[in-house]
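Below, each chain spelled out in residue letters.
Protein chains: 2
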Amino acid sequence: MTTTTNRPARNGVDTPVLFATLDAVKQAPEAAKFQFRTRNEWVSGTHNRGTIDGFFGVGEERTHERTFVFDADHPAVLVGRDNGPTPVEYVLHALAACLTAGLANIAAARGVTLTEVRSTVTGDIDLNGLLGLNPEVRNGYQQITVRFTVKGDASPDRLRELIEQSRSRSAVYDIITNGVPVAIEVDTP
Amino acid sequence: MTTTTNRPARNGVDTPVLFATLDAVKQAPEAAKFQFRTRNEWVSGTHNRGTIDGFFGVGEERTHERTFVFDADHPAVLVGRDNGPTPVEYVLHALAACLTAGLANIAAARGVTLTEVRSTVTGDIDLNGLLGLNPEVRNGYQQITVRFTVKGDASPDRLRELIEQSRSRSAVYDIITNGVPVAIEVDTP
Chain A
1 MTTTTNRPAR NGVDTPVLFA TLDAVKQAPE AAKFQFRTRN EWVSGTHNRG
51 TIDGFFGVGE ERTHERTFVF DADHPAVLVG RDNGPTPVEY VLHALAACLT
101 AGLANIAAAR GVTLTEVRST VTGDIDLNGL LGLNPEVRNG YQQITVRFTV
151 KGDASPDRLR ELIEQSRSRS AVYDIITNGV PVAIEVDTP
Chain B
190 MTTTTNRPAR NGVDTPVLFA TLDAVKQAPE AAKFQFRTRN EWVSGTHNRG
240 TIDGFFGVGE ERTHERTFVF DADHPAVLVG RDNGPTPVEY VLHALAACLT
290 AGLANIAAAR GVTLTEVRST VTGDIDLNGL LGLNPEVRNG YQQITVRFTV
340 KGDASPDRLR ELIEQSRSRS AVYDIITNGV PVAIEVDTP
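Chains A and B supply the protein sequences, listed in that same order. Each step along the first sequence adds one to the number in this note's numbering, with nothing skipped, and position 13 is 13. Converting from the second sequence to this note's numbering requires adding 189 to each position, the first position being numbered 1.
Some hints could be false.
[Unchecked claim] 20 Å max Cα-Cα, derived SDA-like pairs, lysine to any residue:
#  : chain 1 : residue 1 : chain 2 : residue 2
1  : B       : K215      : A       : L133
2  : A       : K33       : B       : D271
3  : B       : K340      : A       : D187
4  : B       : K222      : A       : K33
5  : A       : K33       : B       : P324
6  : A       : K26       : B       : G318
7  : A       : K33       : B       : D313
8  : A       : K26       : B       : V326
9  : B       : K222      : B       : E250
10 : A       : K151      : B       : I373
11 : A       : K33       : B       : G321
12 : A       : K33       : A       : R169
13 : B       : K215      : A       : G132
14 : B       : K215      : A       : E136
15 : A       : K33       : B       : V266
16 : A       : K33       : B       : T334
[Said to hold, decoys possible] Covered stretches of chain B (in silico footprint by chain A; criterion: 3 or more residues with CB under 8 Å from a CB of chain A, positions within the stretch not fixed):
#  : stretch
17 : 202-210
18 : 224-238
19 : 260-268
20 : 308-315
21 : 323-329
22 : 360-373
If you are wondering where the hints come from, they were derived from the structure by calculation, not from laboratory data. Where is the CB? At the ideal position from N, CA and C, for every residue including glycine.
The following block holds chain A by itself, in its conformation from the complex:
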């Protein structure tokens, strides 16, 4: 599904392949059904380790070019050993990554060259919720705020439009703002 071009790729995006992929999915919508996965293994206390390698897409089982392994933990102030970020920090990372990747693709598709994209994401959480100390307080974030700094060869309004388009097509933004059904199955051998 890849071709090479001699043109420099705007924003590092191989736009002809991007459009070819869109056309291929238009012809065969089933190709767009993906399943992503992670495996997690508990280490000790709040420390555990996730492994990401295989996924399903475009009709077949696939693997990433390498296996990605990530530790998660709580900091000492939350009775952990700080062997990795907290799970809720990974959520913020996922959101920034999704919006940024989408922005680069959309800008390339629309002929805008980006020179810098930075963002900070903050999530406010009141742990009285998940500690079970206040039933009025939710377990998760109460508010998430993303602040982008974007530079490129387009007007400020145009750059804002590109970010708005990325938001409107972002998988993680949709997951976080609209929610997803989660089923939990337990095997106790």
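Chain A is already provided as a structure; the job is to place chain B on it using the hints.
The following block gives chain B in isolation, referenced to the frame of chain A:
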């Protein structure tokens, strides 16, 4: 906020410190207001890099013991270079990590020793949504499924109860199933 004990810590959880932390928050609920953060920098195409270090909690600015840096990208089949997991895979990782950390804490608090906790998380997504090819299809996951394997010195029913309690107190489960408001601000210097 840490003390040392000579007792072996059940599940690697320092339960006296856990209970002391709960008591401290009961006395000073403001201590439980946290803000977590990530910074993200675009690299090229769908490749970008998140950095996690500082956070606010228990009334002051804090930093993790080290800075955590994570790349995200798309695989080649999604017109990326596979320099990291996809953003949506990080979401699955966050969910497994949160449920697992909570389980270890809750089991320790209730006197159950765990010997093994593994999980796989799958997320089904139809990219016709985020590719803009079918307005009936959402951008994000349509369904997420977590499958736990848990072993410990309690009955299967008891182990299932502990997982249910972890679910009912999980920040990431709440974020993913119930949604969070996300504000996006853009600076175009």
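In rising order, the numbers of the hints this structure does not comply with: Number 4 - this is the single hint that the structure violates.
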